[in-house]
Amino acid sequence: MIARQISLLFDGFAYGMLLFVLSIGLSVTLGMMNFVNLAHGAFAMIGGYVTVTLMQKAGWPFLATLPVAFLGAAVASVVLERVLYRRLYRATDLDQSLLTIGIVFVSIAAAAFIFGTTQQPIELPAYMRERIVIGDFSFGAYRLFLIVSALIITAVVVLGLDYTRFGAQIRACVDNQRMARGLGLNVDRIFMLTFAIGSGLAGLGGAMAIEIVGLDPNFGLKYLVFMLIVVAVGGLASIRGAFFTAAMLGIIDIFSKYYAPQVGSFVLYLVMVALLVWRPNGVFARR
Amino acid sequence: MSTSVLSTRNLQKKFGQLVVARDISIDLPKGARYALIGPNGAGKTTLINLLTGMLAPDGGQVFLDEADITTLPPSERVKRGLVRTFQINTLFPNISPLEAVTLVVCERKGEAGTWWRGLPGYGASIEEAYETLKSIGLGDHVDRPTRQLAYGQQRLLEIALALATKPHVLLLDEPAAGVPKGESQELFTAIAGLSSDISILFIEHDMDVVFRFASRIIVMVSGGILVEGAPAEISADKRVHEVYLGSAHHA
Amino acid sequence: MTDTATPLYNPQDLMRAQVRWRMLETVFWVSALLPFFVAETYLVLCTQIAIAALFALSLDLLVGYSGIVSLGHAVYFGIGAYTAGLLAKYGWGEPLSGLLLAGLVAMLFGYLISFIMVRITHFALIMVTIGLCLLFEEFGNQAHDITGGHDGLQGVRMWRLFGTFRWDLYGFTAYAYSLVVVFLCFLVIRRIINSPFGLSLRGMRENARRMPAIGAPSKQRLQIVYTISATFAGIAGGLLAQTTQFVALDALSFQRSAEVLVMLVLGGAGRLYGGIIGSIIFLVARDQLASNNPQYWYFWLGLLLILVIIFLPNGILGGIAHLLSRRKKS
Ligand SMILES: Nc1ncnc2c1ncn2[C@@H]1O[C@H](COP(=O)(O)OP(=O)(O)OP(=O)(O)O)[C@@H](O)[C@H]1O
Ligand SMILES: [Mg+2]
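Residue numbers (our numbering), protein chains in the order written: chain G, 1 to 287; chain F, 1 to 251; chain Y, 1 to 330.
The set of hints was computed from the structure by calculation and includes no laboratory data.
Hints are not guaranteed to be accurate.
Listed next, the in silico DSS-like pairs over lysine-lysine satisfying Cα-Cα at most 25 Å (straight line) [what the hints assert, rightly or not]:
1. Y/Lys219 with F/Lys109
2. Y/Lys219 with F/Lys166
3. F/Lys30 with F/Lys109
Restraint-style ranges between C-beta atoms, simulated for each label pair [unchecked claim]:
4. Y/Leu184 with F/Glu127: 52 to 60 Å
5. Y/Asp168 with F/Pro73: 52 to 60 Å
6. Y/Phe28 with G/Gly182: 46 to 54 Å
7. F/Glu66 with G/Tyr163: 52 to 60 Å
8. G/Ala168 with Y/Gln295: 27 to 35 Å
9. G/Arg171 with Y/Asn292: 50 to 58 Å
10. Y/Asp151 with G/Lys222: 18 to 26 Å
11. G/Arg131 with Y/Asp151: 37 to 45 Å
12. Y/Leu108 with G/Tyr127: 55 to 63 Å
13. Y/Arg119 with G/Thr164: 36 to 44 Å
14. Y/Gln295 with G/Arg131: 32 to 40 Å
15. Y/Leu108 with G/Leu63: 49 to 57 Å
Note that CB positions come from ideal geometry on N, CA and C, so glycine has one too.
Pulled out of the complex, with its shape left as it was, chain G reads as follows (with noise of 0.2 Å):
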């Protein structure tokens, strides 16, 4: 009985380093530069459609394509940002919103057009298909494979910020732009970067996450909802905070499906409805 709770719980918190490696980015670059990007699930799929095209059409193994997906979503992240949202930082948040979910649109209708719009199989390895027994416990190797992904890009970035030049320029950029601007920092390029670095962990996100929820040309929008409520829940720029919210998540959307599977997403919903009324900032808001 418990053991079954126990493998609920891993799952659960798999999923949710699958959500924080899908969102980090957003939250990074929403807080440095207040740009409402909700095309940001798009580079997700972006990630995981390299992926499925390596996988299938050049015989590629599952692991090499990662660094191509981060590389895929990133690059064409920095396009849209040259292109596109540099023209709109100081709009308004509604023109924003309207801009990005308009690249959704169109991201998904060129998905459907290019690869069609049924789900994307895709093949792992054996030993990433095995479970691992211990014991009473059982536990998917891939979903081991997540939480390790998770944690070192956890760590990466945390030590990056804290420990790097490129990462004290971050955060200097995140708590006073004018400021940093001031200070003779050029951050329309560390923003550029940042916002690269964000949409290619994205990107990898999405490659990650086909094993577990698919690929289809809908994904950008499916899942834009669980970034946001990380991203909202959580705080902006702040990656405490979008790792709790995250892990969270992903343990009571697993719990909430195999508990209570007809109250759906109701549930999550309304919690994050709830948190966002009683903490606009963010439960785990630094201001």
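Using the hints, position chains F and Y with the ligands against chain G.
Only chains F and Y with the ligands this time, still in chain G's reference frame:
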């Protein structure tokens, strides 16, 4: 004490570690023309925010006409006659001055909640708005969107919006900020000419203007009141010279 | 009045000129009758446009006039639609009272939700409106027994309009009914916008910070406009349910919320006719582009959105106004 229209007792405010209001107690008597001076960042604007309820104090009280208004929301304070202007233009860019001032007049008369009657039905309020604009010298610029007005005209509109509420305590946050010196004298002449029923506290950096128009001066330094007194006392005060006149006069 | 070069400084005349009924408006509303005579096969589309226009107008009260973002306005549209639909399904098919109730129920929800809305701003507000929309959609989905879930609400039977007019196959009655309701609602909304209350809404849009400093109780105003807006959205939803005799879950969806916003910004928010023009263009375009390939409609929709935001930030009407004023100057 008994004649003061606006007073505070031990107001406190901190932003994180930074103390921006330290034990502020002031009394503004009826008909006052007080100046509030102090170097940049002294906490003058913050004090106005505390007085008008746009910031909640960490401690202390605010009294308007003897009544404790510390927890009253800003719009209620305006209804009771405590009104401010802003250091940085806080206007309505895409509506005309006439519309903006009409809005203020309608708010004052309790007409602005009406949604079933068209604006042209409020002729008296519109005329009053127009008169207010004329009285401050904006009579020829009532019809363009506010954002198209010259900067000096926008400063005037800033004051017109406050006047249209028919205040009896008026807090002016650097009304002449960014206005050339000649024009700022004009502006203050207009302010000084306002009815003596209106008690005024104004923030201003230009010492000539301050000494000419203020009956009394309050000097703030890093969140606290350094000294308060008549212009002659202030200009003779050593400490004021050190912390304020000495350092900030060139600004 | 003839020459704009001579300034006209009677303040009351200035104000009257702002709100007066223009010739072009008469032309517009009269031409809304044309489909009866020249485009009978398009009456169904025209009905949809009329309904969408009312929905967009209701949103304009928030987005265009008060400066409040909502990405979840379909909540009220859907509530109105289900109210009207359920009434008719369970025995009360009288259209006018049904529509009124649809508006009232949406109004009640709008009022209750407005307490949440005035507490938050910016990003959190966007999130909460999306969240509420998903919440209601999910509820509609789960309450399958009442709403029919994803299959939609079947068995809606409307009585004859005024006990006389049948809901004919071509949609004559439906369009006439919708057009009259939408026009009446338009008149009310127009009056609201041109009232002192409407002016205070624009004040909040232009500078929310200044409003308390001139003595305006902003929160209360926002709650009122939110409630009014929800009411009209509910009426629009009710119209859809009654004229199609069906309610799809889609009436509550995030997609519908996004669509109505697109119509509004396409036409031009805060310009009274913006939502109307936007819904005409949007729905005609969809009719043309989506009929052969619904999947790619999203592509055109997205592209349209991007182009409008980048090149026409004030919508089509804003662009036209800009051109006209440039011509006047030169
Ligand atoms: N919302 C805020 N959060 C944090 N610090 C603030 C905030 N508002 C003001 N401050 C700080 O409080 C101090 C006092 O600011 P204030 O605007 O009251 O100064 P001031 O006397 O009006 O100066 P100035 O002459 O430049 O207008 C400044 O150091 C300012 O940076
Ligand atoms: Mg100041």
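So, going through the hints one by one against the coordinates:
no.: 1; hint: Y/Lys219 with F/Lys109; verdict: holds, 18 Å
no.: 2; hint: Y/Lys219 with F/Lys166; verdict: holds, 23 Å
no.: 3; hint: F/Lys30 with F/Lys109; verdict: holds, 24 Å
no.: 4; hint: Y/Leu184 with F/Glu127: 52 to 60 Å; verdict: violated, 33 Å
no.: 5; hint: Y/Asp168 with F/Pro73: 52 to 60 Å; verdict: holds, 56 Å
no.: 6; hint: Y/Phe28 with G/Gly182: 46 to 54 Å; verdict: holds, 52 Å
no.: 7; hint: F/Glu66 with G/Tyr163: 52 to 60 Å; verdict: holds, 59 Å
no.: 8; hint: G/Ala168 with Y/Gln295: 27 to 35 Å; verdict: violated, 47 Å
no.: 9; hint: G/Arg171 with Y/Asn292: 50 to 58 Å; verdict: holds, 52 Å
no.: 10; hint: Y/Asp151 with G/Lys222: 18 to 26 Å; verdict: holds, 21 Å
no.: 11; hint: G/Arg131 with Y/Asp151: 37 to 45 Å; verdict: holds, 38 Å
no.: 12; hint: Y/Leu108 with G/Tyr127: 55 to 63 Å; verdict: holds, 58 Å
no.: 13; hint: Y/Arg119 with G/Thr164: 36 to 44 Å; verdict: holds, 39 Å
no.: 14; hint: Y/Gln295 with G/Arg131: 32 to 40 Å; verdict: holds, 38 Å
no.: 15; hint: Y/Leu108 with G/Leu63: 49 to 57 Å; verdict: holds, 56 Å
In the structure shown, a violation is registered for the earlier hints numbered 4 and 8, in ascending order.
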